[in-house]
Amino acid sequence: APESIVFGIGFTLSGILFILLAYEMAICNSLKLSRHGSTALHIWSNNLGMLVGMFTGASLIMISWTPMHTQLITHIALALQIFYGGMLWASLATISRSKIDSKKQFKNIPINVLRWALIAISFTSLQLSGAAIANNSLNLAAAFEWILFFSQIGVLATFQTIFDSNQSSEEE
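Using our numbering, you'd call the opening residue of the sequence shown number 19 and step up by one each time.
Each statement offered as a hint is correct.
Calculated lysine-lysine pairs in the DSS-like style (CA-CA distance at most 30 Å, straight line):
id, residue 1, residue 2
1, K50, K117
2, K50, K121
3, K50, K125
4, K50, K122
If you're looking for bench data, these hints aren't it; they were derived computationally from the structure.
Work the whole structure out from these sequences, hints included.
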């Protein structure tokens, strides 16, 4: 069907972009981590975050060609890998940048606090989505999945400062 081809191409491109983003973020972070006297935890979480991000991106590519109506269990397993992988990647990226971003704020909210709050909302909404599905409330489950999606996009948006060319290295 044409819509599945569009879905497949869109998710494949999204997966490729996620892999590239995870790689590029880790490289940018590693350069900054070396200048900020970061600990082994920061470096370890940066490197592991890159691998988790790349694995999540690969899962996104795979799910795009795994039809739910013919391969339901595989599709669900990949979806969970993507959801939990995205949260784990965001958590590891937050840990790796915790010292670098310790003074950054968004609307007077420390950026690290904002990231952790959005990750917590993502995690909670995924759990509530599963509970809603178990109780046959598919509309409610869909609402929780949208909350999950937008909170993850919010976390992603907080990392834009990594690539902001207007900032000098002293500000980082």
